[in-house]
Amino acid sequence: MTTSGARAIPMISPRRVAIYAALTLFSLLFLLPFVWQLGTSLKTPAEIATGTFTLFPAEPQWENYAEVFRRAPIATWFFNSAFIAMVGTLGATLTSAFCAYGFAVLHARGSRLAFGMVLLTILVPYQVLIIPEYIVWAKLGLINTPLPILLPWFLGGGAFNIFLLRQFMLGLPRDMVDAARVDGANELHIFVRIILPMCAPALAIVAVFHFIYMWNDFLRPLLYLPDPSAMTLPVGLSGFVNKFARQWHLLLAGSVIALAPLLVVFALAQRVIARGISIAGVRR
Amino acid sequence: MQRVDEGAGRLSRFRSLFAPLPVLQRVEERWFWFFIAPFLAGFLLFALAPLIASFALSFMEWNLRGAPTLVGLENYADLADLKGKGKIVLKAFSNTVMITVIAVPMQLVIGLSFALLLNQKVKGMALFRMAFYLPTVVAGVATAALWRWILGSEGLVNKALDVVGVAGPAWFNEPESVRWGIIFMLIWAGTGGMTLIFLAGLQQISKDILEACECDGAGRFRRFFSITLPLLSPTLFFNLVIGLIGGLSLFTETYVVSGGGGGPANESMSVALLIYRLLIRNLDFGFGSAVAWLLTAVVLLLTVVNFRLSKRWVFYDN
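Chains A and P supply the protein sequences, listed in that same order.
Read in order, the letters of the first sequence correspond to residues 1 to 284 in the working numbering.
Read in order, the letters of the second sequence correspond to residues 1 to 318 in the working numbering.
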């Protein structure tokens, strides 16, 4: 970024104009669906049915949102989603940091083999494991409880998360760890008091990405939370597709409600997200 | 990472020459297993055990009521019976492979193009970057529902097609177009993540090499194909492997656009959706496990082949 002095100053050349034009065009194209979604969710059915193309309604129908809330237990689903996403994120962030400490700081025979197992879990899609998992949870009578969704995140916290935190911990200076050991601190103490605070930026990255992942997660809640009172927002919303098949304004209003928390997280955590991607993308 | 481990190994061997450290080392090893215990428990309970159990189940017949009965290779014979039970499996695999084989290369090419544009010292890069990435962040049921509307018969895409005088189909309701609709959706949702990872890779490439090359008189294209692309090949490989695994386990999008049925005419049935239906709708655990194992085998085989092939084209400079 800092090299090539004078050439770094952007000149208004046809080439640069073309670059900006292309970027603007494509980014608008990528955002257009959201704008159109918001616009449509505020239209009357009659307005949607007319063939003419308008982005926004003549008069915004906030009533559509009220109607969605009346016709489906959106608030309950929203609460369920928030609870599962937050508890799951807490579990995944803490346990993945815990395990990452083992891989990054401690030496042991077999540690490379164990780390190989971490990487192996990336290659096995969850979709192929659902049948035996579902049978066991069903036999235990734990369908419609959040346990089948949450427990796995408290045991290991996900391969990507362990990997990213291990990478980050390997980059930390080791002097403090060694000094603490000389002072007689045990590993648990070093982990909680020294490493964990130093990992705050990486923990933020893991937490943000995992929250997004859990909020969007669909297959697990679909399997384990079939009861309308236990559903998460995506599962409830997937039922809208049939329920409101011809009522686009309601379907899209529901979809906006499901997207809103993510948009907030996205807006607040932009820097964290950008940093996370660059760490994940550079080190494999 | 290999080198760090080797160095650490050598260091501990070096230390053990001087002090009576084996005790401390044994203590450290015990701490190691203590710290990774949660992962090991999770690995056993939620990866290894289900994998083995589904392998065992694939030789049985069971529907949750009675006891499972051993049926030998019957489920696998059913898989191969392309006129009977195996027909839908073949359909699901061919749908999934077709969608993956088209969508992932498109994501890679478009993602790389966006990253190259963003890497041109663009002002407001953060803004563009986030615009491309937003669809990836929110991808799920909500955006799949949105795409049902965009690709509906009166949707945004068909309105655009009207302008150029083409009558678009009702994408997700017609067998010929449903997979293309899913492919469009995946490109929109998946490109942004790849763009950001490519961009991170591009920013790692030393400007000195590119400038040296420019001084030697290499043109833009020459520099891209001789310098940028080889140096970016590990990033490309990462995106490819993750993209393919994601594509082969396609579920949410097909579930939402088809209302869970894989229709119309099974044209949007994906393998993961089929496994789900065999589990929840048909309660056909044995056959479902055989399908799951087939998918596992395909994913692992593909990954091994990918890693083998990568030795020919992926360039690691250290």
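Incorrect hints may appear among the rest.
FRET-style restraints, in silico, Cβ to Cβ [unchecked claim]:
hint, chain 1, residue 1, chain 2, residue 2, range
1, P, 87, A, 32, 13 to 21 Å
2, A, 201, P, 87, 27 to 35 Å
3, P, 212, A, 198, 31 to 39 Å
4, A, 145, P, 162, 47 to 55 Å
5, P, 33, A, 79, 48 to 56 Å
6, A, 201, P, 207, 25 to 33 Å
7, P, 176, A, 138, 50 to 58 Å
8, P, 109, A, 151, 39 to 47 Å
Rough simulated footprint, nothing fancy, chain P against chain A, three-plus residues with beta-carbon under 8 Å [what the hints assert, rightly or not]:
hint, region
9, 106-114
10, 235-241
Everything labelled a hint here was simulated from the structure, so no lab data went into it.
C-beta: ideal position from N, C-alpha, C; glycine also.
Looking back at the hints listed earlier, which ones does the structure fail to meet? Result: hints 1, 2, 5 and 7 break, sorted rising.
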